[in-house]
Structure formats: structure tokens, C-alpha cells
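Enquirer: For reference, the chains in residue letters:
Protein chains: 4
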Amino acid sequence: MLSTETKVFSEVTTLLDCYLCVRNDTTDICQPLTIEDHAVQPSAEVSPPKWHLGHTTWFFEELILVRFMPEYERWNEQYRVLFNSYYKSAGEHWIQGERGNLSRPTVDEVQAYRSYVDHHMRLFLSSESLQDKESDAEVIAEVAEILEIGLHHEQQHQELLYMDIKYILGVNPITVTYDDTQLLKAVPATGELWTNFEEGVYQLGHSGSDFAYDNESPRHKTYIYPFAMANHTVSNGEYLEFIEAQGYRIAKYWLSQGWDWVTENQIKQPLYWLQEDGVWYEFTLNGKHALDLNAPVTHISYFEADAFASWKGCRLPTEQEFEIYLQQSTAEYGLTKTACQPNDTSADAGQVWCWTRSQYSAYPGFKPYQGVLAEYNGKFMCNQFVLKGGCVATPLGHYRHTYRNFYQPQQRWMFSGIRLSKDIEWR
Amino acid sequence: MLSTETKVFSEVTTLLDCYLCVRNDTTDICQPLTIEDHAVQPSAEVSPPKWHLGHTTWFFEELILVRFMPEYERWNEQYRVLFNSYYKSAGEHWIQGERGNLSRPTVDEVQAYRSYVDHHMRLFLSSESLQDKESDAEVIAEVAEILEIGLHHEQQHQELLYMDIKYILGVNPITVTYDDTQLLKAVPATGELWTNFEEGVYQLGHSGSDFAYDNESPRHKTYIYPFAMANHTVSNGEYLEFIEAQGYRIAKYWLSQGWDWVTENQIKQPLYWLQEDGVWYEFTLNGKHALDLNAPVTHISYFEADAFASWKGCRLPTEQEFEIYLQQSTAEYGLTKTACQPNDTSADAGQVWCWTRSQYSAYPGFKPYQGVLAEYNGKFMCNQFVLKGGCVATPLGHYRHTYRNFYQPQQRWMFSGIRLSKDIEWR
Amino acid sequence: MLSTETKVFSEVTTLLDCYLCVRNDTTDICQPLTIEDHAVQPSAEVSPPKWHLGHTTWFFEELILVRFMPEYERWNEQYRVLFNSYYKSAGEHWIQGERGNLSRPTVDEVQAYRSYVDHHMRLFLSSESLQDKESDAEVIAEVAEILEIGLHHEQQHQELLYMDIKYILGVNPITVTYDDTQLLKAVPATGELWTNFEEGVYQLGHSGSDFAYDNESPRHKTYIYPFAMANHTVSNGEYLEFIEAQGYRIAKYWLSQGWDWVTENQIKQPLYWLQEDGVWYEFTLNGKHALDLNAPVTHISYFEADAFASWKGCRLPTEQEFEIYLQQSTAEYGLTKTACQPNDTSADAGQVWCWTRSQYSAYPGFKPYQGVLAEYNGKFMCNQFVLKGGCVATPLGHYRHTYRNFYQPQQRWMFSGIRLSKDIEWR
Amino acid sequence: MLSTETKVFSEVTTLLDCYLCVRNDTTDICQPLTIEDHAVQPSAEVSPPKWHLGHTTWFFEELILVRFMPEYERWNEQYRVLFNSYYKSAGEHWIQGERGNLSRPTVDEVQAYRSYVDHHMRLFLSSESLQDKESDAEVIAEVAEILEIGLHHEQQHQELLYMDIKYILGVNPITVTYDDTQLLKAVPATGELWTNFEEGVYQLGHSGSDFAYDNESPRHKTYIYPFAMANHTVSNGEYLEFIEAQGYRIAKYWLSQGWDWVTENQIKQPLYWLQEDGVWYEFTLNGKHALDLNAPVTHISYFEADAFASWKGCRLPTEQEFEIYLQQSTAEYGLTKTACQPNDTSADAGQVWCWTRSQYSAYPGFKPYQGVLAEYNGKFMCNQFVLKGGCVATPLGHYRHTYRNFYQPQQRWMFSGIRLSKDIEWR
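Residue numbers (full-length UniProt numbering), protein chains in the order written: chain G, 1 to 427; chain W, 1 to 427; chain S, 1 to 427; chain A, 1 to 427.
Chain G extracted, bound-state conformation:
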């Protein structure tokens, strides 16, 4: 989204426009929430929305204003700790699982902090302020890079906000509606079910001048064996068959850790499903509804995705296979904030992030960001699986074929689903 504009860095107005637009989107997402919804943390992996509002602001304060705007004074010294997520090189940070213990700062105070930082970012990015620096192209380039990352970072938090808001509202036994939009659309399967791919050396990973995170580079060759990829994501209806076939009770479908997870937590269905008097319902951002059998299954763990694939006699794709699939897809990801509007045969592409069997690790020749942002991606390359594609909560312009999302195998509060693949015999 930003990529081309930001390269024309002299057009400062454009950069600022981008900034204001992204910042505004974040505030918009929280608009339907009560103050109480902003403050609670019903699970350690979920953050209170007011924390997201503060953290995304801290990012610009800490990495741009404090470093590049000499006259800038922090809004509040303690926010430095409170709104640092996990950047050890930026000093102490508050414990993630205890964000919901804090009633202060209030939502109003966090909004004031946002305004203060936005005001200074506006000053800083305004022509005069920037003029002073134009002599130093290196500094400008660094600011531009951090700014761009900061906006993508904020977009990631926009998706996290949808995830966390859904979780926060869903925990309440009193049914709550976020808004009236139906996010996941039922897309009945049509056309060919599988697309085949041939053996060979493929090129993967990011190249070119558009924006991508450090972990998507460099573009590199990989040797691929023949495989087939499903043209549709698995639907609620198909997943229900797995449940009814006692899939959650048969050990042989499950990874060893997956079976322990299912047993210890008595997992019997996807995260937001519930059964009442034999009828299946799903909690969604627009309330509790009868389960839509044609809509893609979502909010499942890697363990569940993998067990489902085993039960089906298929497997999950590797991240390389998935990216090859995306490359050939004519799907144009173009989502409004509330719905997926794809225009091709892969009608459900981009509705849910799809688990791959690839554990998240460095590409050959990977070079992490320098400085504080070195911690952005590299330090999580352990015990996480890659998801590809994007979902209905992913902001417009945040989709990329090369995007590598990653979560732990038991996590499922994100919009995660399944696209099956299978080997084409070659041995």
C-alpha cells in the first residue's frame, strides 16, 4: 500500500497522508467499544485494546520522535515501559500477561497521548521541519524506513485488534455484537477442486522495491516436488464431519503435543463454536449465529488443522508450496475493512490465514533489521508455524504473496483456517 508512494520521499504530503490515514483506521476500529472493552485482558495472549492504542503510538515516539526530533519531549516517562511490547534493547517493558491489570492510563489519556504524538509527527513530517534534514539523505532514508515499518506495524495491530476484540467480547456470557457486518462469507465450492504443480526450482520470497518485512527476504530458489493444492479452504461443514467422525477422540490423527493439548484442555471444537440442544452456533463479531456450513472454518489451531488433514488423507502445504500457489493465483486481494472482495475463481482466497506445515525459520541469506527493530521478527524463529494468505481482518494493502505470518501451534484466536494439499507421486 505504501510502497510506491514512500519511495517518492520528497512528496512529504503523501507520507503524512498515509500516516494519518493508518492512524485514523486504528481509532475507527475501537470506536464501537465501551471503555470497559478497552481495558480487560481475558487471556495472556490477548491485549486490552487501549494497550494497542498506546503501543502503536509508542512505536513512533520511541523510534522516530525521540531519536530524530531534538525538541521533542515525551508525553509521559512511564509510557516508555508500559507501552513497550518486547523490545529488550528499548529498555524495560511491562509483562505481557499483566497488561489487563492496569486501569491507568485511561482510554481518554491514551487518546490524548495519540493526539500528542500525532501532532508532533505532523510537525516533524511537515515540509519545514523536514527541510532542515534534507541535507542528510541518510537520516531521511532511515526515518522513511522506520516510518514505513511503523505503519505496517500499526496495520498488524489493527488485525490484532479485531482478534482481541472478538475474544474480549466472546468471553462475556452476555452476547455482545461488535457491529452488523458479516465477515466470513460462505463460498460454495465450484470448478476444479485441485490445482497441480510441477517439480522444479521455484523462486520465492520478496524482491523489488515494494515494502516487505525483513523475514520475507531475500528472494531465493527452492526445489519443489510435484504437489496439488485445494482451490478452496475447508468449510465449516467439512470440519463438522471431522467432529462427527470423532476426530477429536482418535489419537492417530494428532501430533503428540497436539493430543496432549486436546486432552488437557478438553478441546472438542473450534474456538468460537458452541453446541446448544444439538444445534451448532458460532460467535462472530456480529453476534451469535447458527453455524454457516459453507463458510470457511476458522479459529483453529495448527494441531487441529494438521489432524483434520490427516483424517482427510491429505496434508498441510509447506509455506513454499503455498507461496507458489499464490503466485499463480489471479486473485486480487482487495478487501474493504469488513469484507473480502476477490474477483476470481479462488473466491475464498484471503478470507482466512492458512496454516502451513513449515516451522518459521530464516530464509537463506536472511538479514534482520538493524538496531531495536532487529527484534521485530528474528527472535521468534522457534516453535511457531507459518500461515499464509491473509484474512478478513487484514487491512487493505497489507496482503502480500510473500507475507509470512506465524503463530504457536496451539494458538487459535486469529482467523486461521485450512487449505489442503497433497503429494503427486514421484518416488
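Warning: the hint list may mix true and false statements.
Copies of the same chain look alike in the list, so a pair counts if it fits in one copy or across any two.
[Claimed, not checked] Derived lysine-lysine pairs resembling DSBU-like cross-links, with alpha carbons at most 30 angstroms apart:
(1) K252 / K88
(2) K221 / K367
(3) K252 / K367
(4) K367 / K422
(5) K88 / K422
(6) K367 / K88
(7) K88 / K268
Quick caveat, the hints were computed from the structure, so don't treat them as lab data.
We have chain G; now place chains W, S and A onto it with these hints.
Expert: Then chains W, S and A, alone, in the frame of chain G:
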């Protein structure tokens, strides 16, 4: 406070006045809070203030309106579960440690619930409504008993609110002030330090027509050996000497479980104390202040109280000894909501609850309440210690010599302190 | 057992005989065990038998030989830490729950340690050696006191050995038999079911020159209200009725913490009971047998004892009531190691320790032992309940009316049972 | 080791010889242990040696004798559960972390079980018995395959025995020696430090008729970028520099989960290192010795290996890179049970398993074993990292270039070390 009035049960107006007065006090306590302060639960033993507002309301709805007002309809069926604390015979209840996970109902909704129940209580207690029942003296007596318990119950929660609010505000690294009142007053020790008591049979426990909980009855005899009781509670200054004498690091002063608790939790001082650059501070409801050495030490566990007493070569009193001490004291407990105004030599009586060495158990001939309220006191007679006296957060009229407060030995978020006693040789 | 003999301290031979006799009994108890049985620790509260063999030896080494026999050299410096149980003033000690992690010292090495210490104790207590000290009556008295405590301490560990061995053998899915003796005898109830006691001041606690622990003193008066005490302990058959009446599933019978314990641990029966094809069995030291309905119920927690009493409409006695009951009982406790041989109407007295509702705390005027042994009893006066009487595993001569045994309310690997009491109306 | 012989399946004698030889090696490993050493389990991931003796026996009983020898009767029905490790399709199994709770069966009983199964395997593999089956080539082939896997399985447990024995002995504060052999030899670095590899498509994985596990197949192509591999494993001396440079205290070297692990467990050095009076020692199977600075560092976690590599400005190799390195190495792995005897420049190859940065997952076209053994490898492809090479505790003949060992990133009781690699610039 209620005792005499409620006995004149025909004076319905008085009863209603009491009800409205107590209910109003609860709302007043929460008045200085932000909405966020109402919602969080930074420790499992602390409840979000909005939960207290709902629970105390649920008490009257569940135990009076639902049972005695035929036309009454519940405000919300789910509040029955959400605002039940631990009464198993009243059905399911939400898990205590997960109260802070819920953003709904909002504070506004809980206030609306309070108004709704208050409105119906007003209707129910109004002459006409009650007139209908006047024929049935037994029902009236039962309603009167539950109502009276309900108001004392709400007063207990008023004290809990002060405790929980202090904890909620204190957790924030950003210093917050609840109000400007200084609660604990410094009272330099004067006069005789000890009062002696003789051996003999004493009468203890509640008798008469004034209100008391079931666990304070019956009045009964107990054989007491000669003992002395300190006329002053232990001050911050005296407690600081214990810290400086390495009291927290010398095992012999501590109970076995106490030593484990100190070691595992790295306890080094009372709950709200902190040391900065060698200077001691205390967080209070009116902010962070330099430690007042003359004020009574508070927010300490039984383990700490017992270790301090050992270090002093004294011991903690039994609850019987403490009640005998209170009986002879001329202290008139008369507290405004914000300060202790005692008018006698025992100037600090009632500023802090004092730990006794008595583990909480049934008096001889104890008879618990009938019905749901059987769970009020009896089921907690295990692994708790009795505290006597009352504290600055105890509502006016809620003080009684026979009152038996009780907490687990490691808890310390209540206003708990120390009054020493010692044996007078008789063996 | 020792009491009278030890007072005639000049008769050194007798003292030594006692020592050798008690030490020998300990070894005898472990005789039927395999080496593997000596080494494992299937629960943190259970100790490996070889640890008991070492710890009881350490007691004499640390408290007598090291202090009073100048030429004594420790067998192994590291045993000082490994075999110290919890005496902080005797230095570091190994973590209790990790005793079963250690394969060394081996059983043979521990036996060698026992022989070494016994050899030196024999030397030390032999006339010559003691002669040297006879001039110093104070030292002799101190040695005699510690020696006497040490032998009672070792007898306590003999009972613990039976408890721990039962647990260790019982954990194995392969049924194992310790020996052929049936410990708990069925004693059908005959004669009067209840004995009544009148109101008044009673004398309780230890007096006289016989041995007793510090926590049994001083003898003191206590005011007692009229009560009745069951002449029989509750039988397996009676307890089975409680189970069949769904007693484990009805919250109102249970203490709050007891209900949590039952729920979290899915407790449904006493510790060693198991049901197979609808038939009840009990694991005992002589193997798995059909449940003997007339034998006293045992291996139950305080929570279960209290819930059973509530279900019966009775209550558990206080420790004072139990001691008064024991005083009037003509039962002569005289147990062989394997069976209770009482000679009176209270036929089952002494088969099982009976839970009392009294939480373990200090008697008025309590004075703990001095020095290291100060930690023997006093530091456990928190969150424990008193049991009275004694059991089939209690060594001969270790029974006393004034004995105060104590365990945490959820523990049940000891031979614990129920004797009911009830109020006689007086209010 | 077995590979070529077993292919000549008609030579039954050879097969039986292999069986007896491997079985005998296992018993030999346990020979220096006391019975107590066989029974304890000081950590959930460690198993009591007697359990290994039983489990490896159960493998042949359950998968060969019960299925293929009609007249065979199990030695003990309960061993079926007790000695099943994790094969869900073979029925219930005892909880891994509670193996050390069981004193029975005793070591003698397990040895009797081994003899019984060995006796029947001997009968079964003897010519007559096998003659009956020779008509059925399919059955014979299946038996041969399981037998071969069973022997490799037992060899894996031989290595586990060394690991577990070291842990069990090492936990004892009393220093114990397993035997007199020094396992890890100091090999001072000589010659070229790095070997370079060129970009290209390489073939990896198992092919041919020799034995390999399912997870090593199929042989497949992979695209590799230019890299360099260290010719020596990291030594204790080099690792000590990392410690002295405060490597354990600087977050930027560590993976996010690694930093949490270091902090929570207060990790400050490799598993068996200890510092006394400023001098470093290492516990080894032949006792406690001053740290040998030239010997390879071992018993480190993936987290530590990765942090060390970061500190060095290098990285860990991928498993593909490591296998390519092994292919070109002229090192002939040929270890006696106690020492590595390589005959080439890579003098320390095979002394320690080397961590790779590859998370353990399926090769393209991976086909797991059928039946019960499907659980052998596939279900662990989650949250584990691959180690390559082999170590001093790996049995002779168990080394393979294609071998994929795997452990969780925090585990370190295996003989794990570091071989560094680095990118050769190509971007």
C-alpha cells in the same frame, strides 16, 4: 447501626431509610473511580468494583425480591450467575479469579441494575406492599432478618471496596490518588503500655437483640489464663526496626509455611511499602508518601505479624483475649467514613484489624443460618485466622466487640495490623 | 514407654537398651521391602524409606554425638544436609519433595551409617564414657532429654514408615503385599452408642514426669459445654452409605476449600478404595481385599471427615472433647505392632487417628523446646488440624491421651478416621 | 550395522546373533549401576534405567512375539501398560513423568522379563520356528523389518541410558563415578577452520538398502546457497569466553523463548558445569573434573547454541547443510562404546550431536511406517530441532549421515554441542 431501628419493624420508613442510606454509601465509595478502575482485577483475591456493585444488588434480588415479591422479574437472567459470589445452593457462579475477564455488563449497566433493584425494594418495602404481608408475621420476620443481613453484607463489601480500590490503584506504576483524606493517623504511644488481665472464666460472644452474624453466637464461657495486652498497635517505626534487624531473613521467627511464603515470594516488607534511594515510602489511598513512622503498621500477613511478635519476645493474642480487651476498653468506635475518631486512652483502637493467633472455628453450640445463607460463614472455618477490632475502612456502625473477621494467613490486602500480648506467669 | 525408666538415669544400661530396642524396630519395619521400595518417592509428602533410616540416625548424630562426644567424627559431611528434614537452625537441608531423586546413598550405605552411629551411641552411653560426664549433671540431663525425644522422634518415623510404605506399595499397579497381617480389625458396634459429658471446667494437657512433647503442655483448664461422643469410630459400611447418598457431589456438606479439593482432584472415595465391576476393594498392607464393612473407615481427609459428619447431622469433636473422652475411657492402649488389643467397651479405640475440628495451636502458656528442637512442633501451628487417639501403626508405648497429632486438612495417607460427636442442648 | 546382514535374511543365525549382541550391550551398560540407580527419575524427561530395560523388551514382545508367535504368552499382562512408552495404538500407557514412582517390578523382575522374552525370541528366530513361516515371504519380511527397527530402537535407548544415567548420577550431591573412561576427548583445532560449499542442487536423505528410519526418506533434491562450515565443534574454552562476555545476560543474542527460559530458570552455564571458588568443573560419567578447555562443549540447549552463534557473528547450520558437510567428510565414524576414533582431519566429528537451525519436519514425499510404528517419528514433527552427527554415547553402527536426531529447544541432557556455519555472500 441497624440493630435498634430494625427491631421496631412496624416503622417501615426507617428500614427503607437504612436501606437507601447503605446503598447510597456504596455508590459514593466508587464515585472517584474511572470506568477503567471499575473493571480490572489485578489479583484473584481482588474483585473489580463493578462486580461489588452488582453482587450486593444480586443479594437483595435473589434473597428478597425473587422470593417474596411475586410480581418481580429479574433484570437479567445471566446476572444470577455473574453476580453470585460463592453460594452453591443459589446455583452456578462465575469463577472468582475471572471476574476481571468480563467487560460486560458495563458500569452503566450495573448502575441501571442497582436502580432497578432499589426501585423494586422501595416498592416492596413501602407501606402498601408490606401491608399485604403484615398478616404473615413469620414472613415479615424472615424478610427483616435477610434485609438486615443484606445491609451488613453490603457494609462488608464497602470495606472490601476500599481494600480492592487501594490494590487496583496501587498496581499502576503511574501514581494515582483516590482522594485527599489521610486515613491512618499517627498516634504516638502515651500512658501505660500494657493492660493486665486476671485468670478466670469470662463470657464471650454475642448476646442480646442487636445484630450480629451467626458465627458470633452463642455467648459462652471460656477459661482464660493471666495475660497482658498492649495498649497500642505496633507502629510503622517499630516494624521498620524488625526489617532492619533482618527479621525477614531469619528463619527462627517464622512459622514453617510463613518461611516458605517469604522465600518463594521474596517478601521483604509490608504490601504497600517501597524503598527508593534508601528512603521508605508507602502507597495510600491519597497517594505515595514518606512512611509515617508513628502510624500503625498495616497490610501485613499473619505470617509477618507472628514473626514480628516472636522477634519481640511476645505473642499475638487469642481472639478470646482480644475480645476481653475490647470489653474493658472505653473506646467508642465512631468513625466517619474517612477517619477514626476515638475518644479515649486507646487512641488507636479501630484503626487496623488485629491478627489473633486463633484459627477461625465454630463457637460451642454454633448454629449457622438456615437456607442459602448457611454458606455465609460456616464453610470458611478452615485455614483462616481471626482478626478483631475493625479498621479505618470499616463503615460506621459495623464495629462490634464480638465481630470475627477472618483471612488466610498469607493475605494482606486488608487493613491488618498487630496488637501484641504476652503471658503473665502462672505455671 | 521410656518415661519411668529414663528418669532413673543412673541406670545407663536401661537407657541403652531402650535405644537399641527402638533402633531395631525401625530396621525391622523395612525388612520386608525390596531395595527399590526403599528408594522411590511417589508423592511429595511421602519419603523414601531409606531417607527415614538416614534421618532418624542423623538426629542422634547431630544432636548428641556431634555436640557431646568430642572425639566423634561425622560419617559423611554431606549427610548433614541430606538427612536434615526441616531444621533451619541445623543448616541447609535437601528439599523434601526431591528426596526420591537421589539414588545415593544406597540402602546399604544408609545401613552402614546406622551401624556407625549406633556403635558410637553405644560407646557414648556405656558407663565409662558417661562416667566422665557424671560430674556435670546439667549436661547429663540435657543428653537424657534429647535422647528421650530422639527415641520418640524415631517412633514417630516408624509410624510414618508404615504410612509411606503403604503409599509406595499401593501406587504400583502390580499388587504387592507387605506382610500377612491384617491391621484394621472389624469391630461391630455393641452397647451404648453415645457417651454424654457434662458442662464444666476440665483439666487437659500433660502433667507429671512421664514423657510428652512440648506442645502437650502445660496442663490447663478449659470450659466445656455438654456434649456426646460416639463410642465407635465410623465404619467402612457407614461411610459407604455416604458415598451412595452422593455425598461427594453435594456441595452443602463440604467446607469451601474441601469442595474445591474434591472438585479439582475428582475425589470420590477414601484413598485406598477402588471399585471394580461394582465391587468395592481396599488396598491394605497385606494386599487388595474386598472392603470390610465393619472395619473402621480410614485414609480420609479432614474435608471428608467433616463432610461425613455434616451429612450425619453431627459434628467432629474438638480436641478438648476428645481428650476428655479418652480420660474417662478405660481402654488400655496396648498394641502389638500389628494389632490393637484393647480390653474394654471402646473396642476400636486406637485403631485410627480421629480428626478433630480443632486447628492446631499453642496451649495457654506453651513453651517450646530450646535450641534446634524449638522447630519440632511450634512452627507448624498453622493450617493443620489436630487428630487424637493413635492408630494401628503407632508403636507400643507411643500412645498418650494428651498426644496431639496434626495434619493438613487435605492429607490422608495416614491412618485417619472419624469419631462423631454432637452438642447436648444448653443454649 | 545390521543393514547388510539382515538383507541376507535366509541367514537366520546372523539375525539372531545381532539380536543377542544388541540385547547384551544394553544389559552391559547398566552393569555398573546400583539397584537404586535403576529406580529413580529425578526429572520428567529422564527415565529410570530399569524402565529402559523393560521397554526395549516390551517392543519385541508386543510387536513380534504377540503378533507372530501363536503359542507365546505374555510374561505379565500389566507390563503391556507399564512398558509402553507412547504408542497410543498399542493401548494405554503409564505416564512418562511418573515412571520413577513405581518400585515394582524390581530390577530382578525386569531382568527375568528380559530373559523370558530373549528365550522366546531365540526360539522364534531359530531355524525350525522360522522354517514354518518360510512359505510366507511377506510375513518374514515384516518380521525382519520390525526386528531391524527393534534393534535400532534398542540402540537409541542405549544412548538414552547413558544420558539418563549421567543425569541420575549427577543429581546426587555425593559425587559418583559411573566408570573410569573419559568420554569426550580434547581435540585441539588444527588445519583449515572452515570448509566452503558452493551453491547448487544437492541430494539429501536416505537411499539404498541399508537401514534408515522412515523420517530419513525419501532421498530428495534441495537448493543450497553458498555457505561455510566450521571444521571443529566449539570447545569448552570458546564457550567459556561467551560466559565471561556476559552472554547469558545480554538479551539480544537470544531467541525470545530462549531469553524467557534463561531468565525463569536462572541458567548461567551448561548443564553439568559448576563453579567453585572461581574454578570451573564439569560432572562427567567418570566423576567431577576440572573443565577441559579443549574438549567440545556439550549438554547445551538449542537456545544456548543459537545465542553462542549470534554472539560469534555466525549462525547454526541447517540440517541440509550439515548433511552435505557430512557427505564430503572422510571421517569414518567408528566408535567404541567409550571413545570416538575418527581417522581424518575432522577429528572431533561424532563426539557431540550438533544442533541445527532446522525445525524437525517431514521430507517431501515422507511416508511414515504403517501400523503401530506410524507413531515412531511422524507425530513429533512439532517444536523440535534437528541434531546431526552422533555422539560418544551413540552405539557403533548407529551413525549415519542421514540420521535426524531431534530434541526440544530447551533440552540439554543429551550430548549436544555446536558446529558453526556462516553464509558466503551471494545476494
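Enquirer: Each of the hints needs a verdict: does it hold here or not?
Expert: Checked hints:
1. With identical chains, the CA atoms of K252 and K88 are at most 30 angstroms apart between copies only, with a shortest distance of 7 angstroms across copies and 41 angstroms within one.
2. In the homo-oligomer, the alpha carbons of K221 and K367 lie at most 30 angstroms apart both inside one protomer (17 angstroms) and across protomers (25 angstroms), since each shortest distance falls under that limit.
3. For the identical chains of this complex, K252 and K367 are inter-copy neighbours only, at 15 angstroms across copies versus 40 angstroms inside a copy, given an alpha-carbon limit of 30 angstroms.
4. With identical chains, the CA atoms of K367 and K422 are at most 30 angstroms apart between copies only, with a shortest distance of 12 angstroms across copies and 32 angstroms within one.
5. In this homomeric assembly, K88 and K422 come within 30 angstroms of each other (Cα to Cα) only across copies, at 26 angstroms, whereas the closest approach inside a single copy is 42 angstroms.
6. Taking the shortest alpha-carbon separations for K367 and K88, only the intra-copy value of 19 angstroms comes in at or below 30 angstroms, while the best inter-copy value is 43 angstroms.
7. Proximity of K88 to K268 under the C-alpha cut-off of 30 angstroms is restricted to the inter-copy arrangement: shortest distance 19 angstroms between copies versus 38 angstroms within a copy.
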